[in-house]
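Residue numbers (the UniProt record's numbering): 1 to 408.
Careful: at least some of the hints might be erroneous.
Derived lysine-lysine pairs resembling DSS-like cross-links, with alpha carbons at most 25 Å apart [unchecked claim]:
(1) 268 / 322
(2) 242 / 255
(3) 189 / 103
(4) 322 / 189
(5) 332 / 232
(6) 242 / 232
(7) 255 / 268
Hints are computed from structural coordinates only; laboratory data are not their basis.
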Amino acid sequence: MASAASPSPRPVASLSARRSATAPRAVAAAGPHPLGFPRRFKPSTGGAPRSSQRVAASSSKAEPVEERTPVAPLADVPVPAADASPPGPSLEPPPQVSTGTWKWRGYNIRYQQAGTSGPALVLIHGFGANSDHWRKNIPVLAMTNRVYAIDLIGYGYSDKPNPREIGENFYTFETWGEQLNTFCAEVVKSDAFFICNSIGGLVGLQAAVMEPQKCKGIVLLDISLRMLHIKKQPWFGRPFIKSFQSLLRNTIVGKVFFNAVATPESVKNILCQCYHDTSAVTDELVQIILQPGLDPGAVDVFLEFICYSGGPLPEELLPLVKCPVLVAWGEKDPWEPVELGRAYASFDTVEDFVVLPDVGHCPQVLFVTVEFSPLLSIAICLVFCNFASCDYCFVCLYLSCRMKRLSL
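All chains, please: the whole structure from these sequences, using the hints.
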């Protein structure tokens with residue numbers, strides 16, 4: 001599938017440049033935007049998906065959810081010093097986060113949810129992660145939105161069917177895209193914004209291509225460039241890739257490799273590579289990533305995905321997406337270099353490209369801090385809303401913007 005791009009790339013925005021204009025004050029809904037964001041979303045014409053892009057939804061069922069307390073209460077977030085601006089309204093505690101199980105194709109799928117009103121946001125994790133990777137974000141985002149975070153099949157605490165028993169083409173972006181769309185139909189029960197990290201970005205894009213009516217907009221956080229994709233390898237190296245994949249899949253070498261990385265020490269070292277701020281790599285985070293990887297079947301899913309060198313590339317999916325897309329990229333991402341990611345700013349569907357200074361591969365760890373929470377909220381407001389019908393305000397620079405009405 002050929003990629004398409006605009007002839008003249010749009011300017012790439014810098015987070016530091018935007019911060020200088022942010023002040024803790026209420027902003028009227030109408031009129032020019034005070035923060036200097038370059039673009040406003042223009043509603044797309046939409047359109048029904050091609051029949052070839054549709055995937056039949058399988059029978060599934062949502063189970064009752066269990067209540068749990070938020071992992072990161074808002075009170076833990078540092079509050080900036082007061083200035084001459086008038087104080088904002090009193091802060092309410094973040095909503096409770098619930099954990100539930102949903103049946104999809106006969107498999108148990110774990111998800112989390114919080115919030116009872118506002119637009120629906122679906123959070124999609126990356127490779128080897130799960131919905132707990134968003135544990136600090138869910139309560140804060142749920143103060144003004146209905147928030148859902150899902151464990152993709154094969155990851156987290158969702159079932160991990162053996163690819164040898166169900167076929168080698170099961171763990172693909174098409175499968176996960178179908179899972180996401182069916183989740184929106186049966187659990188979310190509305191269209192939604194997708195907020196995605198790493199390979200989760202390809203899942204969100206694939207779902208939006210398959211069923212455009214399910215997705216109102218996409219936020220891509222350090223989307224995977226898929227540098228090991230077969231199309232990105234020189235012709236003379238492709239036979240060696242196939243041989244190496246066969247070695248991992250069909251011999252003891254793959255399981256030895258998995259056992260070497262599935263230890264607390266190895267997981268911590270890997271996380272310290274992708275997090276520029278290594279203080280975020282806590283023992284809690286290590287266990288969040290490690291524990292589901294010790295489940296039966298996890299090794300087979302792990303090997304199946306690292307041998308998955310086909311499927312779509314971001315540059316192939318972006319021209320097919322009908323909804324607006326925001327791309328945010330950590331300046332210090334060692335796995336997906338921002339220099340390569342900048343190319344996505346030129347696609348017509350990409351409304352804005354934001355560089356996050358001193359941030360690594362997983363920006364979501366910063367969503368509840370003073371620095372990043374306003375960025376996501378305002379970006380959603382500006383990129384996805386008709387500005388004339390969207391009312392928003394700041395409270396001390398770190399609360400999410402209030403979206404009373406959001407229309408496309």
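**Study point:** Restraint status (C-alpha distance of residue 322 to residue 189 at most 25 Å)
**Key:** holds, 20 Å
Check your understanding: Within 25 Å, alpha carbon to alpha carbon, are residue 332 and residue 232?
Key -> holds, 23 Å
Check your understanding: Does the structure keep residue 242 and residue 232 at a Cα separation of 25 Å or less?
Key -> holds, 14 Å
Review point. Are residue 255 and residue 268 close enough, with their CA atoms no more than 25 Å apart?
Key: Since the Cα atoms of residue 255 and residue 268 sit roughly 20 Å apart, the hinted pair holds (cutoff 25 Å).
Review point. Between residue 242 and residue 255, does the CA-CA distance stay at or below 25 Å?
Key: holds, 18 Å
Review point. Given the hint that residue 268 pairs with residue 322, does the C-alpha gap stay at or below 25 Å?
Key: Given pair residue 268, residue 322 is violated - Cα atoms ~39 Å apart, limit 25 Å.
Point to revise | Pairwise hint evaluation, residue 103 against residue 189, where the allowed Cα distance is 25 Å at most | key: OK: residue 189 and residue 103 at ~15 Å, within 25 Å.
Comparing the model with each earlier hint shows a violation of hint 1 alone; every other hint is respected.
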